[in-house]
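Spelled out, the chains give:
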Amino acid sequence: MDDLDRRIIQELQDGLPIVPEPYAEAAARLEMPVEGLLERLAGMLARGEVRRFGASIAHRKAGIAANVMCVWRVAPEQVDAFAREAVRFDAITHCYERAAAPEWPYNVYAMIHGRTQAGCQAVIRDLCQRTGETDYVALLSTREFKKTWTRI
Amino acid sequence: MDDTDAKLLARIQSDFPLVEQPFACLGKELGLSEADVIERLAALRRKGLIRRIGPVLDPEKVGRVGALGAMAVPHDRIEAVAAAVSACPAVTHNYQRVPLNGTCPYNLWFTLTASSQQGLHEAAVAMERAAGLPVALLPVRRKFKIGVRFTFSDDDANG
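Protein sequences appear in the order of chains H and V. 56 is the number that the working numbering gives to position 43 of the first sequence; each next residue is one higher, with no gaps. 127 is the number that the working numbering gives to position 108 of the second sequence; each next residue is one higher, with no gaps.
None of these hints come from the bench; they were simulated from the model. Even for Gly, the Cβ is constructed at its ideal location relative to N, Cα and C. Do not take every clue at face value.
Unchecked claim - Here are the computed lysine-lysine pairs in the DSS-like style, where the Cα-Cα straight-line distance is at most 27 Å:
no. : chain 1 : residue 1 : chain 2 : residue 2
1   : V       : 66        : H       : 74
2   : H       : 160       : V       : 162
3   : H       : 159       : V       : 164
4   : H       : 159       : V       : 80
5   : H       : 160       : V       : 164
6   : H       : 160       : V       : 80
7   : H       : 159       : V       : 66
8   : H       : 160       : V       : 26
Stated by the list, open to error - Restraint-style ranges between C-beta atoms, simulated for each label pair:
no. : chain 1 : residue 1 : chain 2 : residue 2 : range
9   : H       : 97        : V       : 33        : 17 to 25 Å
10  : V       : 119       : H       : 116       : 14 to 22 Å
11  : V       : 23        : H       : 38        : 24 to 32 Å
12  : H       : 147       : V       : 22        : 33 to 41 Å
13  : V       : 149       : H       : 52        : 40 to 48 Å
14  : H       : 114       : V       : 141       : 16 to 24 Å
Unchecked claim - Anything over 10 Å on all C-beta distances counts as not near chain V; from chain H, calculated:
no. : residue
15  : 16
16  : 17
17  : 38
18  : 42
19  : 45
20  : 67
Take these sequences, add in the hints, and give me the full structure.
Below, the structure written as C-alpha cells:
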C-alpha cells in the first residue's frame with residue numbers, strides 16, 4: 014500500500030455519498046481520474062488490504078436482533094476439526110482461535126447473529142452435536158456501547 | 020423495509036460495483052432504475068440501517084494489530100467504565116455481554132486495534148488506569164472466518 018492508496022482509503026473510509034457518480038468527488042480531490050481510483054481500489058481488494066467493499070449494515074435495526082459470542086474450550090489438536098464445522102454455518106459470521114487467559118480457559122470464539130436468541134442457541138446446540146465439543150459459554154450481547162470500523 | 024430493499028441490502032454488502040455509476044449498474048442487475056436505487060439506499064441510510072458504504076480494511080494488512088479485551092465491571096459502574104473504554108480511540112467495538120449458560124467473570128467486551136503490539140498494550144494500560152480495573156487481553160491465534168454478510172432470509176438463525 015503506497016501513499017496514494019492510503020489517501021484513496023482516507024477519502025472513502027467514512028462512506029460514499031449516495032449520488033449517481035459517488036467516486037467523482039474523491040477522485041477530484043486527489044486530482045486523478047475516477048478510472049485510476051477504481052483501478053487502485055480493485056488492486057487493494059485483490060491484495061486483501063481491503064477485505065470487502067460495500068455496505069455495513071446495522072443488523073439490529075434490520076431485524077437481526079440477537080448477537081451471541083460463544084466461546085468453547087477445545088483441545089489444541091481438535092481446533093481445526095471444530096472450526097471446519099463452525100464456518101459452515103451462515104449464522105456464524107466470525108470464528109477465531111484466541112490465546113486463553115489464566116482465569117479464562119476458552120480458546121475458540123464464534124460470533125453468531127440471528128433474529129432471536131433461541132435461533133442463536135439452536136446453532137450452538139447443532140454445532141456441539143456435530144463436533145462433540147460441549148464445554149462452552151454463550152455470551153449474549155445486551156448493550157452496544159460502540160461500533161465503528163478500522164480507519165487509517 | 021420491503022423485499023426490494025432486502026435484496027438491495029443483501030447485494031451491496033460486498034462487491035459494490037467499481038464503476039463510475041455504480042447505482043445504475045446495481046439497478047440494471049436488479050431491474051430497477053438508477054433513481055429508484057438511489058432513493059431506496061438514501062432512505063435506508065437515513066433510517067440507520069446502512070451505516071456506510073465503503074472499504075472494510077484488513078487491519079493486519081494495513082499495519083494494524085488487534086486484540087479482544089475483557090473486563091469484569093461492577094454493575095453500578097458499567098455506564099462509566101463503558102464510556103471510558105469507548106472513549107479510547109483504539110477501541111472499535113464495545114459490548115456488554117451476559118452468559119446464557121455457565122459463568123463468566125467478564126461483562127464488558129471490546130476490540131482494540133493499534134499500529135503496534137506496544138501501542139496495544141499502552142492502550143490497555145491507559146484503560147486500566149482510567150477504569151481502575153484490570154483488562155484481560157485475548158490476542159488472535161488464527162482466524163477461520165471473518166466475513167459478516169447478512170442475507171435477510173426468513174430462516175431464523177441464518178439471518
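_Pairwise hint evaluation, residue 74 of chain H against residue 66 of chain V, where the allowed Cα distance is 27 Å at most_ = holds (9 Å)
*Nearest-CB test (10 Å) between chain V and residue 45 of chain H*: holds (13 Å)
*Could you say whether the range 17 to 25 Å given as a hint is met by the Cβ separation of residue 97 of chain H and residue 33 of chain V?*
holds (23 Å)
_Exclusion check [residue 67 of chain H not at the chain V interface, CB over 10 Å]_ = Violated, since 4 Å does not exceed 10 Å.
*Does the Cβ pair residue 119 of chain V, residue 116 of chain H satisfy 14 to 22 Å?*
At roughly 20 Å between Cβ atoms, residue 116 of chain H and residue 119 of chain V fall inside 14 to 22 Å, so the hint holds.
_Pair hint outcome, residue 159 of chain H versus residue 164 of chain V [Cα-Cα no greater than 27 Å]_ = holds (22 Å)
*Please test the hint of 16 to 24 Å on the beta carbon pair from residue 114 of chain H and residue 141 of chain V.*
holds (19 Å)
*Within a Cα-Cα threshold of 27 Å, do residue 160 of chain H and residue 162 of chain V meet the stated pairing?*
holds (20 Å)
*Looking at residue 16 of chain H again, its CB stays over 10 Å from all of chain V?*
Check passes; 13 Å lies beyond 10 Å.
_Given as non-interface: residue 38 of chain H, which should sit over 10 Å from chain V by C-beta_ = holds (12 Å)
*asked:* For residue 42 of chain H, is the shortest CB-to-CB distance to chain V above 10 Å, so the non-interface label stands?
replied: holds (15 Å)
*asked:* The hint says 40 to 48 Å between residue 149 of chain V and residue 52 of chain H; measuring C-beta to C-beta, is that right?
replied: This hint holds: roughly 44 Å between Cβ atoms.
Going down the numbered hints, you'll see the structure goes against just number 20.
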